Structure formats: C-alpha cells, structure tokens
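Enquirer: Starting from the given sequences, assemble the full structure and let the hints guide the process.
Protein chains in written order, with our numbering: chain A, 3 to 237; chain B, 71 to 561; chain C, 17 to 513; chain D, 107 to 223; chain E, 5 to 88.
Bear in mind the hints are in silico, worked out from the structure with no lab data behind them.
Some hints here could point you the wrong way.
Unchecked claim - Stretches of chain E that chain A covers, calculated by requiring three or more beta carbons in the stretch to come under 8 Å of a beta carbon on chain A:
#1 12-25
#2 30-37
Claimed, not checked - Here are the computed lysine to aspartate or glutamate pairs in the DMTMM-like style, where the Cα-Cα straight-line distance is at most 25 Å:
#3 E:K32 - D:E221
#4 D:K162 - E:D14
#5 B:K234 - B:E223
To be verified - Here are some of the chain E residues that sit facing chain D, going by a computed Cβ distance under 8 Å:
#6 M9
#7 A43
#8 W52
#9 D59
#10 T63
#11 E64
These figures come from a predicted structure and were not determined experimentally.
Glycine included, C-beta positions come from ideal geometry on N, C-alpha and C.
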Amino acid sequence: MKRALVIVLLAIVAMPLLAAMAAMPRFGSAEQPAYTHVAKRYLERGVEEAGAENVVTGVILNYRGFDTNGEVTVIFTACAAVIAVLAGSRNRQDQREAASSVPESLVVRYVVRLLAPFIALFALYVVLFGEVSPGGGFQGGTVFGALLIVMTVAVSRNQAERLLPLRIRPWLQIAGPLSFLAVGTAGVVLTGWYLGFPQGATAATRLMLMVLEFGIGVGGATVIASIFWRLGDEA
Amino acid sequence: MEAVDVRVLLAPAISFACSGLVFLMGRNVFWRRFWSLGAASLKFVVVLSMLPAALAGKTLVWNLIEFTPGIGIAFRADALGMFFALVSSALWLITTVYAIGYMEPEHAKVRFFGFFALCVSTTVGVAFAENLLTLFVFYETLTICTYPLVIHEETPEALRAGRKYLAYTLSGGACILLGAALTYQVAGTLTLSKPGIVPASADVRTLAVLFATLIAGFGVKAAVMPLHGWLPSAMVAPTPVSALLHAVAVVKVGAFGVLRVVYNIFGVELLKRLGFALPLAYLAAFTIIAGSVAALFQDNLKRRLAYSTVSQLSYIVLGAALLTPASASAAVAHIANQAFAKITMFFAAGAIQRTTGKTQVHELGGIGKQMPLTMAAFTVASLSFVGMPLTGGFITKWYLSVGAFESGMWWFALIMVASSLLNAAYWLPIVYLAFLKGPQEVAAAPREAKPSLLVPTVACAVWVLVLGTTSDVPGMPFALARAAVEFVFKM
Amino acid sequence: MWWQWPHWLPLAVLVPLGGGVVTPAVARGSARRAWGWAAGVSAATVAVSLALVIRVARGGPFSYAFGGWQPPYGIEFRFDEVSAFAFVVAFLGALAIVFSRQYAPHALAEPRVPYYYTLLLLDIAGLIGFSVTGDLFNMYVFMEIVSLTGYALVAISGERIAEMAAFKYLVLGAVSSLLALFGIGMLYGVTGTLNIADAASRLGAAASTMPVIVAVALLVLGFMVKAALFPLHVWLPDAHAIAPSPVSAVLSGLVVKLGLVGMLRLYGVVYASRAVDLSSLNWLLTWLGAVSIVMGAFFAIFQDDIKMMLAYSTISNIGYIVMGFGLASQYALVGAAVHIFNHALIKSALFLAAGAIIYQTGYRRLSDLRGVGRGMPLTAAALSVGAVSIVGIPPTAGFLCKWYIALGAFEAKRAAFGFALVFGALFIFVYYIRMVNAFYFQEPVHADVTHVGDPPLSMLVPVWILAALCLIMGLAGKVPLTFVAPAVSRLLGPLGG
Amino acid sequence: MIGILWDNFDYAVSVLLFLIGLYCVIAKNNLIKKFMGLNIMETSVFAFIVALGVVKGGSAPIMEPGARPPFINPIPQALILTGIVVAVSTTALALSLIVRVWRQCGTIEADELRELE
Amino acid sequence: MTLEMSRLFDAGLMVLLVLCALAVVRTKDLLAASIVFSAYSLVMCLVWDHRGAPDVAMTEAAVGAGVTTVLFLSAISKTVRKEK
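Expert: Encoded structure:
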C-alpha cells in the first residue's frame, strides 16, 4: 500500500515538472538562450582566449576556473570525511596482512602485472593531452586511481601503497587544491586577477594549464585510492 | 520645555550598577549591605534633585539608543513619570533597610539583593520611558528580574507560583508588544510625550483592537479582575519582596501603563468620543468590589493583603477611566497613597511573622499589647484604606467621588462608599482583635520587633499621615500629580 | 585604505579553504599542532572578512571577477550587505575552533582530530563562499562543500546513532541539493547565463513563465530542506543533538542559515526581474513559518536532553525568519535578515555552553543536570543569558527580530501572523524556564554536579564572548539594522515594499 | 502538450529517471539500495543539464583544424564535470557511513534501524 | 547518419536507460543491482558521447561505471548481499 501511495505522490510531482519541460526552449535548437548568450563567445573566441583547443577544458580551467577549484576541494573533502568517519577503528593493523578476500588466481595476477604500465601510460596521456583531445586532469587521475585499486585487489596491497608512500600521502591528496593556489597566485602576479591566464596561447598559459591538469590528476588518483583503502580497512 | 539632562539616565543606571556590584562582591556581608544601602540613598537623592525642575514644569530628556528612525530607547522625566519614580525610589530605600533586617535567617542573599536592585532599576526605567518601546523593554526585564525573587524559597509550591506568575505576566508582555507594533503602524510614532498620538482618522475597529490589547497587556500587572490570578499565589515570596514588588513596583507598573495608554497614547478627547473607557470603568468598579469581598474570606494575613491590593489598584484604573481632571488627580495620587499604606501593612505583617511566627488572622489576638508600635502603624494604614480624613486614602476617595460627579456618572461615587465599608469590614476586626480582645495566653510582655523592622514600618505610617494632610502644600508630591493632570487635560 | 585592496574578497574564501586543506599535512597526526594551525587560519579569516565588512559598510556592494573575465563570462564574487553573514560565519567558526581545543580530543578518537579541524575549516570556507558568490553554479558547489562537511562532522563522534542520524541528514541533504541543481539547470536553460545579476535582468525576457515558476519552486524546496522548515525538518533534531557541541553550534547557528541566505539571493533575482508573482509562495512560507514556530516549540517541551531541546528551538527560530520572508514587507524582511545574524550568535552561545556543561559533568539530560548553577556558575549564567535572549526578552538580541517581524506583520496587513508569532514565542519560553529552573532552583539529583567547577579557559572564553554579544547586540541593535536596511530596500525597491 | 514533449523528450526522460530515483530513495528499505536510487537521480539531473547544451547536428567543441561550425555548448559539460565529482564524493561518504551503521547496529534496513532508536 | 536516424538512436538509448534504472530498483540482490548500475552509467556515457560531449562521457565512464561501482561492491562485501 505504501508503494502505491508513493507512486501516486510522484505522479502528482511529475505533472508540473513535465509541463515545465514542455515549455522549455526547444531541445537542440541553435536559437535557445543557452546557446546564443554566453556560449557564443566561448565557442568563437574560446581557443585563443582560454589557450586550449578543447574549449571545454578551456572553460573548466580558465573561464570558470574557480568552479574546478571548488570541485577539487570537494573531492578532497570526501577523502577527509571518509577518513574522519572511519579512522580510529581498532582493527586497522591486522587487516593489512590478511590477503585480499578475492581467491588467488595466477592469470589475473599476471595480466594485471602486464597491463599496469600501459594503464599508467594511458592515464598520463589523458592528463597531458587534456587541452587538445577530450579528457583532462580528473579523468586521467581516475584511471590512475583505478589502476591502484586493481593492483590492490589483484596483486598486493603493499605494492600498491608503495606507489603512494604514506609519508607524503597527505601532500599528494591535496595536490589539486595546492596547484590551484599556486596557479592562482601566479595569475595574480601575471594578470592582476586571481586565476587569471595571460591572453593568447602563450607558453605561460600552457604551462599553468599543465600544472593544473597534473595537480588535479595526482590529487584525484590519491584520493580515490585512499578512500578505497580506508573503506577496505573497515573489517 | 525640554532639557537634556544626564540624571534621567543616571537614576535607572545607579541601581543597575548596584545589582552588578552586589552580584560581584556580594559574598562579603558588609559590602553587600554597603552597596545596597548606598545605591538606594544615592538614587533617592538623584530623583529628589530632579523634583524642583519637574515642579517648575521642565521635563528632562535623554536619548540612549536609536535602532531605526522613530524606534529606540530614550528617557523622559515628565510629571507623571517623576511622581512614580519618586515613590518607588523612596520606598526602595525604606524596603532595603527592612529587607536587611528581615533576610537575616534566609539563604541565597546575594541573588536576592542583586535582583532586588535590578527590579527597582527597571521600575524607574518604566517611569522615565519616553516611548512605548522603552516602556515595554523595562516591563519585560522587570518580569524576568522578579521571577528569581518570587521563587526565592525554592519549594515546589514556590516554583508553581513562579510559573503561574510568568505565564500571566509574559502573556501580558506579548499583548503589549503587539499593541506597540500596532500603535507604530497606526500612529507612525511611539512617543509618550504628547497627550495622545493615535490619529482620530484611524478606523474604529483597529482602535478597539489596539485599546483592548494594550489594556489587557497592562491589566495583567495592574491585576484587573479576570487577570489578577497571579497576585495572591505570588505571596509565597518573602515579605520584603511582597512588600516592594507586589504592593509597589510590579503592580504599579501595570497601573502606570494603563495611565500612559489612556492619557498619552489615546488621549482624553479621543477616548471620550470613542467611549472605550466606559467598559474599563465598569471592569475596575467590579474589581474593587470583588477584590474586597474576596479579602473578607482570607484567613492568611498576606493573602488578605494581596486581595486588598487587587481592589486598591482598580481605584487607579477607575480614576483613569472616568476621564475627568479630578478623577485623574485621584488616580495619580493613589499611586503614592496606596503604596505607602500597603507597604506599612506588609512591613507590619512581616514584623509579626518574624517576632511571633504568627501568620493567620485568627492568631492575632492581643498582638497589640505585645507589639504596640507595629500595630499602631497597622491601624493608621487600615484607616487610610477605610478613607478616614487626615490619611492619604481620604484624598483619593474624595477626588474620585468629585471626579465621578464631574463625569456625570454619579453611581461610581457609591462604589467608593461601598468599598470603604468593605475595607472597614476586613481591616477593623484585626485592629479590634489586636488591642481590645484579651490575649489567649498569659499577659505577654511587650516584645517589640527588631528596630530594623520597626523603624521602616513607623516611618511609612507617618508618611501616610503626611500625605493625607499636606495635599495643597506646593512642594509636596501631590503638586506633581496636579501638574501631570494639567498637562494631560491641557488646562 | 587597507580594506580597499580588491583581493580580500577571494582571500576570504581561499584562506580557510587552503588552510583547511593543508591541516592534515601540517598536523601530521598531532592534535595540538592541528588546533594551533586551525586557530591561526580562522583568525586570519576573521581579519579578512572584517576588511570586507568595513568596505561594504563604507562603499556599498562591490564585486570581484575571477580570471579577469567580466560578469556574464566568468565567475563573479559579489559582496553586499547580506554577504556580511560571512563575517558572522568567520567569527563564530573561530570561536567554535577555539572551543574545541579540549573538547575534540575528549569527544573524538585520536586520529580523527586533525580531520575534525580540516572539516570545520572547509565548512567555514563553504559557508563564506556561499554567502559571497554571485554565480548560481558556484553557489551549488559551495552548498555541496558545506553539506559534505556537515554530514561528516555529525558522524565524527562515532556514537551509536550518530552514523544513522548523519545518513538520514545526508540523504535528505543530497536530495535537496539535487532539487536545487535541477532548478539552477532550468534557470540556465531559460536565461542562458549563470551569473545571478545577469539572470535577474534576463529573466523578464524569458519566453514562457512556466519553467521559471517550477525552477523557483524547486530551488525554494531545496533551500527549505536545508533550512529545516517544518514539514522537511525531520533530519535536524537527531543530527544537531548527536554532533559534538562545537559542531552543533556551527550547524545550528550557521549551516541552517545557508538555505535562508539562498532564499534571499533567489528573492533578489525574482523580485528584480518581476517575471513571476510570488504572492502565493509568500503566503505558503508565512504559514509554514508560523507552523514551524509552534511545532518546534511544542516538540521541545517534551525533550529532556538539553541539546535535543536546543535543536528543536532552532526549528522555531527558523520559522521566525521564514515568516519574515513570507510577509515580504519592509520591516518583516529587515527583522528576518537581522535574526539570521542574531540567532547565529545566540544559538552558538547556547550550544557551546551546553557543550561545556556536558564536557564537565558528563550528563546530557536536564533531570540529571539539576543544581548545576551552583557547580558551574559562569557557564550556567552564560546559558541563562542565552536562554533569555533566545526567548526574546527585550534588552537582548532575540527581541529585535520579534519586534520588527510583528511590525512587518501589521505593515503587511496580516495581523493574525503577528499574534501567532508573539504567542508562539511564549511556547519557547516554557521549556527555557524549565532549563533555568533546573539549573538554579531545584535540588540536585547527582551530588557531584554542584562542585564540578567551571570548564577550562579555552571553553569558557568563547562561551562568555558569545553571551556578552547576545546582550550587546540587543542594545547595539542599530548596527545590524542600519546595515541590512539598504539591502532590503534594494530587494523590495522595484516592488515599492 | 504531448506533441511538444516529443521534441523535448530528452528532458522528459531525465524527469522520468529523476522520479524513478526518488521512488527508490523513498520506498526502498535497504540503505545501499536507497543510495543507488540517489545516484540514479544525480545522473538524471546531469543528463538534463547536458541535454540543455546539445545542438542538433553539432559536434564536440574541440577546435581541431577540420572541425565543422555548429558546436555543442561547452558550459553544461563544464558544470557536469564538477557535478559528477560531487556525486562520487557523496557516494563515498554515504557508503562509509553505511559500513559504520552496519558495524554499530548490525543491520542496514531502514525500518529495523528505526526501531533501534 | 541522418538527423532522423540519430534521433531514433537517441530514443533507443533512452529506453535502455529507463530499463536499466528500473532494473536497479527492482533487483533484490545488491551485487546484481550494482552491476546493472554500472551498465546504466555506461549507457549514459554512450548517450553523451553520441551527443558530442566526449569529456563528460569519459568522466562518467571512469567515475560512474568505475569508481562508484567499486565503492558499492566494497560496501556490499562489508555488509550484506541480499536485500530483505
């Protein structure tokens, strides 16, 4: 009975939403306000102003750079929150030695060992070519994070953790926000505005974009790996 | 004319500072007494020093805080405010002396004297309020400061009485807040300096709601009949609290508020035209009679005093509601007459309880022989309530009757006569019991109350007589009452 | 002058953000170093936001375009009078951090303390960012930062039902953020821009008003859940009562105000563009506010746990503010806006004082805390001052809001709500007087309560600063009132208020 | 209304998915299932916002030499990149809370947890 | 691919999406539900890629299908597999 009530309630909520959707500007039309106002300038002058062929990366890092600063802070907050909620549980130590619960299978272990460098290379490619082709810092970071997870599950936890040594892990986790702070202050020095990139695809803009991409990538990867390990420690 | 003078601010501030000092240094008995007595006398001197200016017609003004244009905390000592402040600061000095004597065996003295001083500072704040918002601010603070005093005994019964006291007074406060908001909305200002700020153009229904809310708000503390429930149950407090607060400070704030509403917010002409004051007059008359009848059946001395206060306060409300100069001067004068008479009785009751431990009326047989002076003061006060000439009470009854005839409603004069008879019915038997009826036990040797209890009682009794006889002498407070009336009736 | 320097505005967000993010790395696991660092960062934040407040007080609203891209093309921070809430956030956050010096190691497991300070600093950064940003999507991002840190801070104490309360808070918070994002998406679809001022000007020209109405409805619904208005308040009592006391102070005083500041921004957009008539929405908000006041007070009467009682009284006070919005008249809005500041002060004072009492005595229930007035004179006095001011007794800060909203109710010709407001407040009084009675006038049940002594200085000083402010802001009411009045008149200006 | 809705059927689908997610969050008992519903809601809102930026016959806004003019609007994509990160952060925190709830209360069924309180 | 054909392809993907979502809601076994959820993310990634939003498609694939599903699986392994 409860389910029927919920469904009826949702139907009632759906009415205004669908009516509003019908009244929205036509889907896919080139004259809709979203396309003709701010986006027009981004598309026309995006490349030389933002310094990246991939206009989306240009928008993310240059026009609306502060949003991505917020995003990087959110991903770090998630990591800090998970650690804050899960840290301090008694059985951290003994869990580390116990092999991962997945039954040991030689084929998986061998294939993962073989593929690991290629996955890392792919991740690096995605990060480096963020300006030119689709992808960017965070996507590359996630791929690298996935690599760490696969190694933890298939190979062994210690080997995976050797890639992110415990001593500098807190600094690695905040690579994203730190890179934004550095590039932001550089922007203030160069152009007088926080997160300001010098006009035109100069070398300085390219370098600053690259630093940002790397920061986000490293930050993203470490955070995803730390969350997975911390969640794994919870017996 | 108006003159900016810091003394208007100084008066409330002195006792406020005193309460702070008492809270800080109260542990040491000497300092506690020193600060209480010192502040009381200093405050009385400051208020007294403002008397000549007020008599000369000058009103002293001081603006403290301005929240937004037209709304703020400001003080103004006009004739009415001056009269009330004079009464309350004088009585505070006397009651402090009495309280020091009475509170010897009690506990938590620091808290008592601290909040005691705070209460009087808010009472004077109400007296000198320049606008309705300041009046409301001090009205609510008074409620909060009296709460710890009412439940001083910390017994469950005291807590219940405290809760009842708060329920009544805070709902009253809520009504006043709404009334003030509506006044500001209708009149555009809240000042109490003009004889009537509500425009006659406003529609009658809103004015009716406004009048009802404000009178209900102040009526709670003025103990008008349906809203008087808290007063008798608040008698559970120690005697100095009942004496100063429930005879003088708290209830007079309510009556003072009613005067302000009738004279300064609505104004006499508007009320006459609208006719709202008539139901108030009938309500006050009913309270006078019902209060006295209820007092008849109270065996506990302090509860009898409480019901007598309920009935006496409605004299002031009736005086205001008759809207004639004579009844107005009676209303203002009664603030002093009732205060001094009632406080004498409370002091006497306290002295009797402290020395002989008797609290019920039937136990008072032969007390006059034991405590002649205390009972003599008690007799003077009861004569004043009965309205015997030469006492303060007579002045009020006389001017009220004249006012009743002036207003054309002569039957209110009958109310005066009836209430005198009723007062006689429940005060004189006590006097008879005390002096003429032989004591039950063997001839008790005269054991008078301690001097610190006796002196204030006798002093108040003497002042009741002074009030009665010197109504026409220019320097005396009654002249202030007449000045206030002239201002209101624009004579 | 020094406060004219333009870069203070981004720094107000970046100092706590950067400081918070770096805390675990700097602290390397030691609680003392983490506290020192966090206190330093929060002090710097207070200084920066003070500069902003002085500048807006002197020169009126100002803005800062990130990366030099002028408003519609980049993200813009716009600081006006309402954003002065950022200073209140910084100040109270700093006091909460100072308060947690002894409280955090006592209440939390050892390795969690550095992350506790990280989350608190990020929470403050998110709140400041939310109240300062002029960009719709940026507002959503900051709202998420505040929500995420809020969920974790509720669950950080590790008590039995803390995780459950945090999860309930998380699900409702996430759903409300999604509703807000849906609304923001629709507004973007209709106007083509994410900048608030630009959206306000283009909203009038929108083709059809249906999407705008639904978008505003979704945003208001999302903000009402964040502000715990009556029907959507179920998550608040458990979350605020279970959380550690400094966190409850930040949650109840500041995070709950997020929705209300958001509503003020939204009203700014909708009133300016006049695209949509809000009278039916205002009517609903006034009614929900009134019901919120009564229900919040009603439930609080039956609570014996002191922090649960304070949590329910937050719901009542939110009811005041929302009713002020609903009445939409000049005085009502001024009263509501001022109460956002005042309630933050009062509620933080109450929660920190309650936290100090719980820290010293270990008891949470009022029946166990009888007679604590003698044992902890200063803390109990601060709690009583807070109680008196939350009820709204005149000389204290809580009174101004009631006075001005009552005035606004009469101004908006809806006297009934004035009566409901004032008499609803009496409900609140009942359970606060129970607290004061228990502290001072009732016999102690546990003997050790009466001689347990006042808490350490790091707790007592913040509590007393806030208690003193409750009184001072009551008398110095002129400061917030004249500060907020221009913002409200600008908001109601086009409507003739 | 239905005719127009056919043109905007993308928006309609994202509203439908939103409601399916909402149903799952409200009606389902298991906390993890509730959270899957929440993820579906999140993805549906992101689909709606990306659909806002789509232009018929438009290609990806990457300005290689051979790119043809009608490009997709880059702003919604920029927003959704941040949105997805926010979604995954909420998921990570929620799942850690669920694991702790399981450790503390031994069950992750909402109705049984309500009785425990 | 003409405009009509791509609209139909979109419609087909949308129907698939709704089916995946309903499947996630209906299945009792949490492990199956998380697998279907990662399928749902992949279909969403397909829709976006077809639409011409490769960045978002890649992120959704990496994060939606990858990280979220891994987190769900690790949470399920720590708690209970069957939904009551």
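Enquirer: With reference to the structure, classify each hint as holding or not holding.
Expert: Results of checking the hints against the structure:
Three residues within the 8 Å Cβ limit are the bar, and the segment 12-25 of chain E against chain A gives 0, so the coverage statement is violated. Residues of the segment 30-37 of chain E with a Cβ under 8 Å from some Cβ of chain A number 0, which does not satisfy the need for three, so the listed coverage is violated. Taking the CA atoms of K32 (chain E) and E221 (chain D), the gap is near 23 Å; set against the 25 Å cutoff, the hint holds. With a C-alpha separation of about 12 Å, the suggested pairing of K162 (chain D) with D14 (chain E) holds against the 25 Å cut-off.
For the suggested pair K234 (chain B) and E223 (chain B), the alpha carbons sit about 15 Å apart, so the restraint of at most 25 Å is met. The beta carbon of M9 (chain E) is not positioned within 8 Å of any beta carbon in chain D (closest approach about 12 Å), and the interface hint is therefore violated. The beta carbon of A43 (chain E) comes no nearer than 12 Å to any beta carbon in chain D, farther than 8 Å, and the hint placing it at the interface is violated. For W52 (chain E), the suggested interface contact is upheld, since its CB lies about 6 Å from the closest CB of chain D, less than 8 Å.
Hint on D59 (chain E) holds. Least Cβ distance to chain D is approximately 6 Å, under the 8 Å limit. Taking 8 Å as the C-beta cut-off, the interface hint given for T63 (chain E) holds, the closest approach to chain D being about 5 Å. A hinted interface residue such as E64 (chain E) counts as satisfied when its beta carbon comes closer than 8 Å to some beta carbon of chain D; here the least separation is about 6 Å, so the hint holds.
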